[in-house]
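Novice: Residue numbers (the numbering used here), protein chains in the order written: chain A, 2 to 424; chain B, 12 to 321; chain C, 23 to 317.
Incorrect hints may appear among the rest.
[As the list claims (entries may be wrong)] Far from chain C by the CB rule (all over 12 Å, computed), these chain B residues: (1) F97; (2) E100; (3) T104; (4) L116; (5) A136; (6) A159; (7) T175; (8) T224; (9) P234; (10) F255.
[What the hints assert, rightly or not] Lysine-lysine pairs mimicking DSS-like chemistry, simulated, CA-CA at most 30 Å apart: (11) K127/C with K224/C; (12) K51/B with K129/C; (13) K46/A with K234/A; (14) K35/C with K51/B; (15) K127/C with K51/B; (16) K46/A with K371/A; (17) K287/A with K46/A; (18) K129/C with K224/C; (19) K234/A with K287/A.
Just so you know, these hints were derived from the structure itself, not from any lab. We put the CB at the ideal spot given by N, CA and C, even for glycine.
Listed here are the chains, written in short residue letters.
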Amino acid sequence: MFRFFRRKPRVLAATLGLLLVGGTLAGCAGAGGSGPETVRFHLSKPEAIPYFRELIAEYNAQNDDVEVVFDTSSNLQAGFLRGNPPDLGLLNYNMEMARFMERGALSDLSDMPEAERILPEVQDLVDQYATYPGRTSVLPYSVMAASVIYNAQIFEEQGLAIPTTYDELITVCDALLAAGITPFYGTFREPWTVAQGWFDYTVGGMVEVADFYEEMNELGTEVGPDSPVSFEKDFAEPVTRMQYLIENYANADAASKGYGDGNLAFAQGQAAMYMQGPWAFGEIAKTAPDLAVGTFPLPMTDDPEDLEVRVNIDLAAWIPEVSEHKEAARDFLSYLFQQEVMDEYNAAQLGYGTTTDAAPVTDPRIVGMKQYYDAAEFYQGASKAIPLTIPTENYTQAIALGADAVSTLRTLDADWARLALRQ
Amino acid sequence: MSVQPALAVENIEGTKTLEDGKARRTPTANRGNGGNGGTKPSLPLTIILLLCAVTVIVPLYVTVSMAFKTQAQAVDGNAFSLPAPFSVEGFVTAWNLTNFPAAFLVSALITAGTVAGTVILGALASYAISRNWNHRLFRWSFFYLLAAMFIPFPVVALPQIQLTGLAGLDNPLGVTILHIMFQLSFSILLFTAFLRSIPSELEESARIDGATTWQTFWRLIFPLLAPMSATVGIFAFLASWNDFMMPSLITSDPALQTLPVVQSIFQTQFSNNYNVSFASYLMAMAPAIIVYLFTQRWVMEGVTQGAVKG
Amino acid sequence: MTSTSAPTRRKPKVEGIYYAFLIPSLALFTLAITVPAIIGIFFSFTNSIGFGDWEFVGLINYVAMFSDPAILASYLFTFGFAAVTVVLVNVLAFLLAVGLTARIKLKMGLRAIFVIPMVVSGIIIAYVFNFLFSNSLPAFGQTTGIGVLSESILANPDLAWVAIVIVTAWQAIPGTLLIYIAGLLAIPGEVYEAADIDGAGKWQQLFRITLPLVAGYVVINVILGFKNFLNAYDIIVGLTNGGPGTATRSIPMTIVTGFTGGDYAYQMANATMFFVIVVLISLIQLRITRGRNSV
Numbered sequence: 002m003f004r005f006f007r008r009k010p011r012v013l014a015a016t017l018g019l020l021l022v023g024g025t026l027a028g029c030a031g032a033g034g035s036g037p038e039t040v041r042f043h044l045s046k047p048e049a050i051p052y053f054r055e056l057i058a059e060y061n062a063q064n065d066d067v068e069v070v071f072d073t074s075s076n077l078q079a080g081f082l083r084g085n086p087p088d089l090g091l092l093n094y095n096m097e098m099a100r101f102m103e104r105g106a107l108s109d110l111s112d113m114p115e116a117e118r119i120l121p122e123v124q125d126l127v128d129q130y131a132t133y134p135g136r137t138s139v140l141p142y143s144v145m146a147a148s149v150i151y152n153a154q155i156f157e158e159q160g161l162a163i164p165t166t167y168d169e170l171i172t173v174c175d176a177l178l179a180a181g182i183t184p185f186y187g188t189f190r191e192p193w194t195v196a197q198g199w200f201d202y203t204v205g206g207m208v209e210v211a212d213f214y215e216e217m218n219e220l221g222t223e224v225g226p227d228s229p230v231s232f233e234k235d236f237a238e239p240v241t242r243m244q245y246l247i248e249n250y251a252n253a254d255a256a257s258k259g260y261g262d263g264n265l266a267f268a269q270g271q272a273a274m275y276m277q278g279p280w281a282f283g284e285i286a287k288t289a290p291d292l293a294v295g296t297f298p299l300p301m302t303d304d305p306e307d308l309e310v311r312v313n314i315d316l317a318a319w320i321p322e323v324s325e326h327k328e329a330a331r332d333f334l335s336y337l338f339q340q341e342v343m344d345e346y347n348a349a350q351l352g353y354g355t356t357t358d359a360a361p362v363t364d365p366r367i368v369g370m371k372q373y374y375d376a377a378e379f380y381q382g383a384s385k386a387i388p389l390t391i392p393t394e395n396y397t398q399a400i401a402l403g404a405d406a407v408s409t410l411r412t413l414d415a416d417w418a419r420l421a422l423r424q
Numbered sequence: 012m013s014v015q016p017a018l019a020v021e022n023i024e025g026t027k028t029l030e031d032g033k034a035r036r037t038p039t040a041n042r043g044n045g046g047n048g049g050t051k052p053s054l055p056l057t058i059i060l061l062l063c064a065v066t067v068i069v070p071l072y073v074t075v076s077m078a079f080k081t082q083a084q085a086v087d088g089n090a091f092s093l094p095a096p097f098s099v100e101g102f103v104t105a106w107n108l109t110n111f112p113a114a115f116l117v118s119a120l121i122t123a124g125t126v127a128g129t130v131i132l133g134a135l136a137s138y139a140i141s142r143n144w145n146h147r148l149f150r151w152s153f154f155y156l157l158a159a160m161f162i163p164f165p166v167v168a169l170p171q172i173q174l175t176g177l178a179g180l181d182n183p184l185g186v187t188i189l190h191i192m193f194q195l196s197f198s199i200l201l202f203t204a205f206l207r208s209i210p211s212e213l214e215e216s217a218r219i220d221g222a223t224t225w226q227t228f229w230r231l232i233f234p235l236l237a238p239m240s241a242t243v244g245i246f247a248f249l250a251s252w253n254d255f256m257m258p259s260l261i262t263s264d265p266a267l268q269t270l271p272v273v274q275s276i277f278q279t280q281f282s283n284n285y286n287v288s289f290a291s292y293l294m295a296m297a298p299a300i301i302v303y304l305f306t307q308r309w310v311m312e313g314v315t316q317g318a319v320k321g
Numbered sequence: 023m024t025s026t027s028a029p030t031r032r033k034p035k036v037e038g039i040y041y042a043f044l045i046p047s048l049a050l051f052t053l054a055i056t057v058p059a060i061i062g063i064f065f066s067f068t069n070s071i072g073f074g075d076w077e078f079v080g081l082i083n084y085v086a087m088f089s090d091p092a093i094l095a096s097y098l099f100t101f102g103f104a105a106v107t108v109v110l111v112n113v114l115a116f117l118l119a120v121g122l123t124a125r126i127k128l129k130m131g132l133r134a135i136f137v138i139p140m141v142v143s144g145i146i147i148a149y150v151f152n153f154l155f156s157n158s159l160p161a162f163g164q165t166t167g168i169g170v171l172s173e174s175i176l177a178n179p180d181l182a183w184v185a186i187v188i189v190t191a192w193q194a195i196p197g198t199l200l201i202y203i204a205g206l207l208a209i210p211g212e213v214y215e216a217a218d219i220d221g222a223g224k225w226q227q228l229f230r231i232t233l234p235l236v237a238g239y240v241v242i243n244v245i246l247g248f249k250n251f252l253n254a255y256d257i258i259v260g261l262t263n264g265g266p267g268t269a270t271r272s273i274p275m276t277i278v279t280g281f282t283g284g285d286y287a288y289q290m291a292n293a294t295m296f297f298v299i300v301v302l303i304s305l306i307q308l309r310i311t312r313g314r315n316s317v
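Looking at chain A on its own, in the form it has when it is part of the complex (with noise of 0.2 Å):
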């Protein structure tokens, strides 16, 4: 829309470019014409960086008229907004990927062979955030599926078993504080370590968060104290019950610990569970590459059947609307979706494979939750579900700090409403 801003600039630009430093800065700009086309290629997660840039590297080698630039760090809203994204995205499918779906920012896909092997599933899991009409924008590549980290070896030696039950769960933390065992590792300095963990392990155990937020998004600006579903009616319960764990259960230093701590705390044995997804797994081997440990969904209610893991997306493919090099985007994607690149990344990453024809998960130590999730016993995590407009990993902060779990989740709902009138 504003394309004609774009001309005078450049000769603006290119005057003041002379005027000042000369060609050196300007080089930058207009770098890379001619050659073999770039595909810029994104993909921020730490943990998987490694094992994409030698894949970039071994694709590179194979194909000299395209060649794939590795992106870990822009800021993708900003890449948008300058009608610069990358070509390319591989990442974790959250509100903001799908605030970008809904706005028709992302390319159809749906043509790709690719598409065709998604579990249907899988696919539903993208669809609960967001759609675009007559579009499949986005393409699960890995589902994490997340629950309690447990040391295996100080519930073996204080002969405890995995909990199914609240009540079992409140009975092996008393035993573990008697035996003078920290029972549960909080790293509250970084919010997302709450939200991810705690705020959606106990909510997803309680409440069914998928239709929870389908009966939101009806209610919209109507969200508040007197809504048949608010967060405040919903959500107090399992809310409360996570201030209380925190309260009688967690490290009395958690609020100044961050993820770096709790990894390297948990892999020591200072506590015996860990609310964290697979990814802290090769973390915690950095430090203990032999201590064992297993997950299991947490329990928060009497009834066993009501077991859930916690899923995400843990990363989809999207290709931008406004990309240029939409054709070898294409190319790098189908190179990345190859079964056995996807099936390695999966067992290497401790992710569950999306596709129809993905080899099943065998490592023990997320095995766990395998029965959860070929049942599709499993719901996305409550906190991933509200726009990052709110802060929501703030607040679910300040409740394992210690503030006001109603109020708080009254201000969530206001929030709600708020953001439901002015979109």
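With chain A's structure known, arrange chains B and C on it following the hints.
Specialist: Chains B and C only, in chain A's frame:
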């Protein structure tokens, strides 16, 4: 905007004489305001001030000592212990990890461009404005350009991200231009005030000798502006070299980021390797501090002059 | 003014080259600042996320903003923070300036040290302080048994702002200090001689003579400082990134993080309001400084 020519001269002269610390014009000014009234320097006051100076030194000391530790020693989190053994591994890692030379070069180019651009554009515009003050366009331009002082960067940041992207200026050149634009109003304020104090006879005699406006400006005016240019330049340097927000938002390619932004980009990768992170901070801080230590007298004078006028 | 206009014509023709001197600045300024400002205001009336489909929504962004506790809290935080910091910075800088202009040893060396923070980038020094606040201060608190300090104050929603004030002050004092030094040196020594003869004590001299005589510099420092502190961003990024919770989100930070969360239009409404407020403050500043031309 209310700065009057006469007032400006007074200020400039005043600060110039006063800032050399000896206060020639007012020989007794130093005494009386605090300390003892005698001729001997006050020792207790000196000690109090030295203690205050410790608060400035401590973070810098911690940066240096942490940077020279081994990783094994750094993880214990004790900020005040001396490095034992002394190690440069943090520097080696930080140098390679953050690609320090590239970030330094980008920072240096942006800063140099900003200083040069601010001084030259500001001086040219100010000269045109002050010599054509009774012409409406120039008078209004003055107020128009001053308006940037009312516009904080965050207000226009988002559209600027959009426009620089569309114009292909989402790079250090774009940052340089924006830095100049945000410095421009202040520099024009200083330059015009100073220009009005230059007696017109000087210029007239130059013109009688046949100099064109262009020649007059470069041969006569611009050299005369030198002290103000130094002030403007110092402000531009500080603002540009230390800026974080603008480059972080405007430059799209992380490989072309400035030193301060690079620190934030690598924050998660530094993780608990404090020796690496502090080595990186130290390398990012050191150039400006070193330059300052060699030019402190000018910097202090320049800042005083500019700030008192601003 | 001191223009060299010829007396024969009321409106002398402007020599062409002057336009060439002025136009680059005007054009760049317009493109780099005015146009973005207009675009921003325009989009504040839409639901745009900066790209893709959008439509006009009238004043809804503004309406939503005035009832948004996150926005209101950021204004409250920013103005409160700026007010506290401006007072702290000016008190400390003034006292230091008094000390540094008195008869002391190592005068120039001390001045040079106190000015160093000015040349250090805010975000970098914030990272350094972040380490001190998260590691050294809690360790100190634990050994001395001071409960409040035994945990990182950055993790304490009620105290995190103090950390931001400290670091901001650390960095802002030098500039303020230099202005006060200039002000103090401009006071003629005879004033104090007269006061000595009248038998006024040192503290009396400080409050009765020194302070009133540098009042103009105080006004400058307070206004400049306040406006700068309203733009708090770098140091907050390095210390708390707006947390814990949303306890330390300044207005600029709300604008940027809101935008990163996909709220382009809404944050442009916020930016527009911020702009209006800054203009109002600047106008007040003009009024005050105009009345204080004696400086």
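Novice: Now, for every hint given, state plainly whether the structure supports it.
Specialist: Hints, one by one, checked against the model:
1. F97: Fine: 20 Å to the nearest Cβ keeps F97/B off the interface.
2. E100: holds, 18 Å
3. T104: holds, 16 Å
4. L116: Per Cβ check, L116/B is outside 12 Å of chain C; nearest 16 Å; holds.
5. A136: violated, 4 Å
6. A159: violated, 6 Å
7. T175: violated, 9 Å
8. T224: violated, 5 Å
9. P234: holds, 17 Å
10. F255: violated, 4 Å
11. K127/C with K224/C: holds, 19 Å
12. K51/B with K129/C: holds, 13 Å
13. K46/A with K234/A: violated, 35 Å
14. K35/C with K51/B: Distance of about 63 Å is beyond 30 Å: violated.
15. K127/C with K51/B: Measuring from Cα to Cα gives roughly 9 Å; hence the hint holds.
16. K46/A with K371/A: Measuring from Cα to Cα gives roughly 23 Å; hence the hint holds.
17. K287/A with K46/A: Satisfied, since the Cα-Cα distance of roughly 18 Å is no more than 30 Å.
18. K129/C with K224/C: Status holds; Cα separation ~20 Å.
19. K234/A with K287/A: Judged against 30 Å, a Cα distance of about 42 Å means the pair is violated.
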